[in-house]
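Going down the list, the protein sequences come from chains H and D. Letter by letter, the first sequence follows residues 1 to 296 of the numbering used here. Letter by letter, the second sequence follows residues 1001 to 1271 of the numbering used here.
Keep in mind the hints are simulated off the structure, nothing from the lab. No residue lacks a Cβ here, since even glycine has one placed at the ideal position from N, Cα and C. It is possible that some hints are incorrect.
[Claimed, not checked] Straight-line alpha carbon distances no greater than 25 angstroms define the calculated DSS-like cross-link-like pairs of lysine-lysine that follow: (1) 1241/D x 1220/D; (2) 1090/D x 1133/D; (3) 1220/D x 1171/D; (4) 1114/D x 1209/D; (5) 1241/D x 1209/D; (6) 233/H x 1171/D; (7) 233/H x 1146/D; (8) 54/H x 1146/D; (9) 1133/D x 1123/D; (10) 42/H x 1090/D; (11) 1146/D x 1209/D; (12) 1171/D x 1041/D; (13) 1171/D x 54/H; (14) 35/H x 1090/D; (15) 54/H x 1209/D; (16) 54/H x 1133/D; (17) 48/H x 35/H; (18) 48/H x 1171/D; (19) 1241/D x 1227/D; (20) 233/H x 1133/D; (21) 1169/D x 48/H; (22) 1247/D x 1227/D; (23) 54/H x 1169/D.
[Said to hold, decoys possible] Okay, the calculated bits of chain D under chain H, using three or more residues with CB under 8 angstroms as the criterion: (24) 1175 to 1184; (25) 1187 to 1194; (26) 1199 to 1213.
[Stated by the list, open to error] FRET-style restraints, in silico, Cβ to Cβ: (27) 29/H x 1271/D: 29 to 37 angstroms; (28) 1058/D x 24/H: 28 to 36 angstroms; (29) 1095/D x 19/H: 30 to 38 angstroms; (30) 128/H x 1050/D: 37 to 45 angstroms; (31) 1084/D x 24/H: 47 to 55 angstroms; (32) 1058/D x 272/H: 31 to 39 angstroms; (33) 16/H x 1050/D: 46 to 54 angstroms; (34) 256/H x 1099/D: 45 to 53 angstroms; (35) 1084/D x 42/H: 23 to 31 angstroms; (36) 1049/D x 15/H: 38 to 46 angstroms; (37) 1044/D x 20/H: 44 to 52 angstroms.
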Amino acid sequence: MNYKRIKEKIYKWIFTVLAFSSLFFLVGIMIVLFKEGIPIFKDAGFFKFLFGAKWYPTYEPPDFGILPLILGSIWVTAGAIIVCVPLGVGSALYLNEIAGFRQRQFLKPIVELLASIPSVVYGFFGMVIVTPFLQRIFNLPTGLTALNASLILGLMATPTVCSIAEDALSYVPRAFREASFAVGANRWQTLTRVVIPAAGSGISTAIILGMSRAIGETMTVLMVAGGAAVIPKTFFSPVRPMTAAIAAEMGEAPMGGDHYHALFAIALILFLITFIFNIIAEIISRRFRIKLGLSG
Amino acid sequence: MKKLAVMMAAGIAAISLAAGTCFAEKIVMAGSTTVLPIAQKTAEEFMNDNPSADISVRGGGSSVGIAALIDGNCDIADSSRPIKDVEIQKASANGRDPVAHIVALDGIAVVVNKSNSVSKLSKKQVRDIYTGKITDWSQIGGKPGKIVVVSRDTASGTFEAFGELIMNKEKVMPSALMQASNQAVGQIIGQTPSGIGYVGLGFMSGELKAVEIEGVMPSKETVISGKYPVSRPLFMYTNGKPQGVLKEYLDFIKSKRGQELVETQGYVGLK
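Sequences are here, hints too, so could you generate the full structure?
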């Protein structure tokens, strides 16, 4: 009896520790990011760092302006949204509302399979196939542009958007649809006036999580975005998103130097952006569940 | 349960013992990706001759290698640039004494797509292209077309050498495509008709065309004779004078056979 009780207690402890380990790692990472990132704000000045237009980290004297990098990330993410929202939400609508049972059994795993392709493979595809293609059809000097990165990132974020949006659609109670049909609405009207508004916040969550997937992606943008730290003016110009700058430069930045701290500060800003995205997504999805009468 | 613990303890003890015995012959190298192929090839051959030696080779970049040497995390730091004064100060503060060994020579070839008709450039022209003063191939006698400038990342050893040998410390314009490796530069120039880039001589391929700089084509001969202006020595740094296996290995690289291996990797031997 006593032995059994102790055993139970031990198990309880083990699982408590496991459950809290995520929190532990999250806090640990945040502490490191702040500790290693803050020094550059003192040295270079917070606003000069955030809104400086020149990124010359290794020159004497160095310029640590990350505005081109932030804008690079924003451009490719915005572009990715333009690609992945129609693709992801469209496929979710088809899967949940139109496709028959067998089609769904077949298509859904395929969309999810898209998520399992390693990002370096996407990057390779972008570099070898999409780059020369864009170069030819738009007659560009180089195909390594924000557009290229947007297309590939959009494709990569599609499974995320699709599966979360599909979940949201499937949560819309059947009674909603039945009531709509009962008052004489056809399928299209039901879809656009009833189902989509009901699942709206769930779909927004899907899009925001897709954005946070796109903005954090590294390998692909390193390979296809071109890597030029300029403030982008069109989708046809090469960009250097924040993740690409960190990945390309961290290996060579001397530990403890200004450049090193600057890269940590970029990581910190990136982390805050995705953190905010995720919190917004969480709030919206909680409201959505309450609205549909599901547990919060 | 108890049995398992005992077995695990025994296992750990055995592993650490085994690690202890080969520790004596172990060499850890880290640093420049430019020196990496030389380090790998010579380490491989050296270990074939001396089965008791265990050399592990890592890349990371010149700065990383030297930082690791200063911190005592490696025995040899590969570097494509001479050690900086700041680094020497840090090293002596840590009680370390970096000693340079030149292991090979490397030329940096300025490359264009093989369809490009331009075959000669002066140092000043290359500099003007990289600072953005020259933006179109027609300005330097080529077919009209916007020049796509490709550079290595600002932290790489090749970039620093290029900066020193060509740029006179002027800044590469921000709209240059900054790439993380020699291979990436080669790949882009290979598929960009209006591109210009620079790679180590060891990374030349059929898709690329090297241009003459100040009338000199980069080649083994012009690098050794010192005529080709964009060339540099490649270093390995040790802490103090090398001894034991470390010395044998470095002697091996500098030997005739070692230098032949250097050349098979596309670099220029010392003799």
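For each hint, the structure was consulted:
| no. | hint | verdict |
| --- | --- | --- |
| 1 | 1241/D x 1220/D | 30 angstroms, violated |
| 2 | 1090/D x 1133/D | 39 angstroms, violated |
| 3 | 1220/D x 1171/D | 29 angstroms, violated |
| 4 | 1114/D x 1209/D | 5 angstroms, holds |
| 5 | 1241/D x 1209/D | 41 angstroms, violated |
| 6 | 233/H x 1171/D | 22 angstroms, holds |
| 7 | 233/H x 1146/D | 17 angstroms, holds |
| 8 | 54/H x 1146/D | 23 angstroms, holds |
| 9 | 1133/D x 1123/D | 13 angstroms, holds |
| 10 | 42/H x 1090/D | 23 angstroms, holds |
| 11 | 1146/D x 1209/D | 18 angstroms, holds |
| 12 | 1171/D x 1041/D | 35 angstroms, violated |
| 13 | 1171/D x 54/H | 11 angstroms, holds |
| 14 | 35/H x 1090/D | 22 angstroms, holds |
| 15 | 54/H x 1209/D | 32 angstroms, violated |
| 16 | 54/H x 1133/D | 18 angstroms, holds |
| 17 | 48/H x 35/H | 19 angstroms, holds |
| 18 | 48/H x 1171/D | 19 angstroms, holds |
| 19 | 1241/D x 1227/D | 32 angstroms, violated |
| 20 | 233/H x 1133/D | 20 angstroms, holds |
| 21 | 1169/D x 48/H | 23 angstroms, holds |
| 22 | 1247/D x 1227/D | 32 angstroms, violated |
| 23 | 54/H x 1169/D | 16 angstroms, holds |
| 24 | 1175 to 1184 | holds (count 7) |
| 25 | 1187 to 1194 | holds (count 5) |
| 26 | 1199 to 1213 | violated (count 0) |
| 27 | 29/H x 1271/D: 29 to 37 angstroms | 51 angstroms, violated |
| 28 | 1058/D x 24/H: 28 to 36 angstroms | 30 angstroms, holds |
| 29 | 1095/D x 19/H: 30 to 38 angstroms | 46 angstroms, violated |
| 30 | 128/H x 1050/D: 37 to 45 angstroms | 41 angstroms, holds |
| 31 | 1084/D x 24/H: 47 to 55 angstroms | 39 angstroms, violated |
| 32 | 1058/D x 272/H: 31 to 39 angstroms | 32 angstroms, holds |
| 33 | 16/H x 1050/D: 46 to 54 angstroms | 53 angstroms, holds |
| 34 | 256/H x 1099/D: 45 to 53 angstroms | 24 angstroms, violated |
| 35 | 1084/D x 42/H: 23 to 31 angstroms | 24 angstroms, holds |
| 36 | 1049/D x 15/H: 38 to 46 angstroms | 55 angstroms, violated |
| 37 | 1044/D x 20/H: 44 to 52 angstroms | 47 angstroms, holds |
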